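Protein sequences appear in the order of chains L, A and V. Going by this note's numbering, the first sequence opens with residue 1, and the numbers climb by one from there. Going by this note's numbering, the second sequence opens with residue 1001, and the numbers climb by one from there. Going by this note's numbering, the third sequence opens with residue 2001, and the numbers climb by one from there.
Each computed SDA-like pair below joins lysine to any residue, with the alpha-carbon atoms no more than 25 Å apart:
no.	chain 1	residue 1	chain 2	residue 2
1	L	K84	A	R1166
2	A	K1084	A	L1072
3	A	K1084	L	T282
4	A	K1084	L	D167
5	V	K2248	A	L1129
None of these hints come from the bench; they were simulated from the model. Nothing here was measured: the structure is a model prediction, and the numbers come from that model.
Single-letter residue listing:
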Amino acid sequence: MNAYLAHIAVEVCILSMLAISLNLMAGYSGLMSLGQMTFYAIGAYAAALLAPASGLGYVIVLPVAIFLAMALAFMESAVTIRLKEDEFAIATFAMHIAFWTLLMNWTALTKGPLGISGIPPITIFNITLDDPTKFVFLAVVSLIAMQLLVARIIHRPFGFLMRMVRDDEELARNFGRNTRRFRTSVWVASAAMAAAAGVLQAAYIGYVNPSSFSSMESTILLAIVILGGAGTYWGPVVGAVIIVCVPEGLRFLGLPTTQADNIRQILLGGVLIAAAYQAAFTRRGALSLSRHGAAS
Amino acid sequence: MQIAINAGAYLAIVLLVSTAFFFQYRLFRYFDLSLGAVFLAGAYAFFFLTSLQVSSFVAAFSSVATAALVGLLFYLCLIRGLVKMEASSLAMTLCAFGFYIAGVNVIAMLFGDEVIRAPDSALSASVALGGGVASVSQLLEFVVAICSVGLVWIFLATGKLGRLFRAFGDNPKLANEIGLSSNLPILVVTAWGAALVGITGVLVVADVGVRPSAAFSYLIPGLAAVLIFGAKSIGDTVSGALVVASIGETSGYAFGQQWRDFAIYISVALILAARTSLLGINR
Amino acid sequence: MNRTAIIALILVAAAGLIFFAWQQYGQPQTSSGLQLGILFPFTGDAASYGVKGRHGVELATDDFNRSGECGRKLVPVYEDSAAQTETGLAGFQKLVSVDHTPAVIGDIVSSVTLAIAPTANRTQTVLLAPTASAPAITQAGPFIYRIWPSDLEEGKAIASYAMSRNYKRAAILYMNNDYGSAIRSIFSKVFAVGGRQVVSSQSYLQTEQDFRSALTKLQSTNPDVLYIAGYYADSAAIVRQARDLGLKMPILGATAIEDPQFLSMAGSAAEGVVYPLATGFDATSTDPHVASFVKEFKSQFGQTPGWVEAQAYDAVAVYCKASGTIKSAPTGPEIKAALDNFGTMHGVTGDIKFDENGDVVKPVRLRIIKNGKFTNLET
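Take these sequences, add in the hints, and give me the full structure.
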């Protein structure tokens, strides 16, 4: 039982980290990205490709993965710099699908849908974390570290700028803030976090393949952030807990499982629709469900 | 010649879907992703009816009506409320996306995830065409696409449609106040767009078959067509459709089928980046 | 109720569910039954295969519990993998740590099998895959077994056939998933030697049904044979559209097309398609064991079983034979030892024998569609 609960805990932690990274962009800064999975995938595939081959420790693999993700985020940001919110969402979606198609087709590098197996587990102080009950400690520590990092960001002037840009970009620009450079920095930071989560996931499961990073997963991630409360500090964790624990809990109730996935997605669709109505009702500029946002 | 036929059929589908996108974008400035669910509604209604031995003609007509109904219901129940609240484009787009996801899964629950194809009928018969072969469906796709574009152009030219579009485009607040969002012409236009997408669904399921997850790949090229040059006039959208179809078919032909969608997605991203102005519409 | 309250409520409910589960299942089971984990995709893109597999397992459970062949009462525990690595891993982890099943039959798809293999080896749980075919599974570890031959066998068989017919220019259309990718690359490697070449190789997404552009493109390269590496719905569409477009070259298919849906969707275009059959199952066989299986299946489920059902049935049979010799509640290592000394079992999918890697040793047959029926190819 312990191993099972530990496994659930690990998945919640990693998904929370991913949701936190998207929350930084979408929740706090109003940059509704439907392509966050791209950076998660970069982290995972960097681990898959670099860790086994050269025996490079994860001490090296992690920074490399983060660097690659940040570079791609920088490029994507340059391309989408002037887009308004809904065009931005569509553009990020399109770029993600293009990236995913590359993962599937560039078989020489990624082995396409066959995936890459045999990713070595992380070893810390001579303890090999190949077991959920051991890995869970690293997962929890990483999650806490990331939350602390986010806390620092949002309570600094940078964080205030984030919320100002989200709620009224015109105003922010009038105050002389370079909103474009700001958008890029948020995106780059968020990509780095997502990549870190990706490295952890790859090292934990030991196998990657493109189906974990599809466009549906990207949309589900946005729904998680919205569900838990976009722009709130603990929102992403709440969303991750709900998304992981409720289906797992349903396993024990022995519900007919053939429709479970369909029902889950229908509920996600419902979340998006409800979020749209909520946003319209509170008249925010971006899709924020936070009731504690910047002054309007 | 076969290449031309393939390209023409592809272009036709892009035109049909992008016209529907055009209507919703021109009116309300959002990307009506719910059209994916409308597509499936048309396709599955046709499949369902023809497997009950209903004649193709009656089945087609009913299926298109079903699709139009789905599109209309989506508008009345979900979008109109958002329009009245002056919701942001993003909120409306996400609402449409949510409806699409829900719709796809409802279809999957009812009919399963597997591929379905309507029984062989007049629509799937092959026709020799100057050195190449086309299916009747493909020909119909092309004919309907051209006619619908023509009709839109006529209505825009005579002013009726144009007035409607401008009313909402220029002053949504006032349009809302005078209850324009429930105006009959708007409903007609919405149903018209949905019907076009429904026709596409019917023709595709009669010709090659569909499965729930396939709706997406029919949706994206249509969306791309509207994104490229905008939706100031139907001409913009048609040009966009031509560009999308060309990029798709040539990259598919040059690099292989698997790169066709990739080329379209990358082009969408790049073109969005290259455009400096907003889609030519006052926001 | 405000949002915070709703969220809090959901969290409490989730925590409650988990706690309840812990209470119920946290203690090791001391049931008198023989626990067997079943990890199949019951939702998602591969759901139809999971459901078929389940029917096979259910029939096998009934049969063996009735005949008492397993020694104890067989108790299958079903979990959904959704053909996704994360879901599959969670399901497998639950079967191992909560239900304490010493063996798990799964998965239908290779990607999940590969993802859970490390955990199976680590927890010393036997993993018996009924239909997973990726070549990488051969090296997946000591506790991994399968009764479906590696894609290597299928790819080699059909490529050798193509070579024996003196085809020199092959065009390939393959589904971009683990199955299509694997058999295509093996076919290419085997075929493209000594003056033969693969003149065109295009992949397509699982959702694709319109192949006319791809077919037009490959036609321009003048192939003398077309190899389709996919499942039955897309293969049927390709075959039909190819003939409609006037392509006359012979067509080779994959094992997955042996499905009645393929015949009904492809119609007369299916005539003459040659394909390898990696399963030994033949519903028309006169072998008494097979015939009674088919008869029972038909009476219980109202349709003729296909190879998914048969493979699942045999997987349970293998488990039964392996654990039947063990006196007390079997553990993973004990079952593994039994499988390593398995000998040969005559199942509904043919004779089953394992090699040193846990792969089944099964010759691949060639079949052809003649007069609208699947028949063995006479060489």
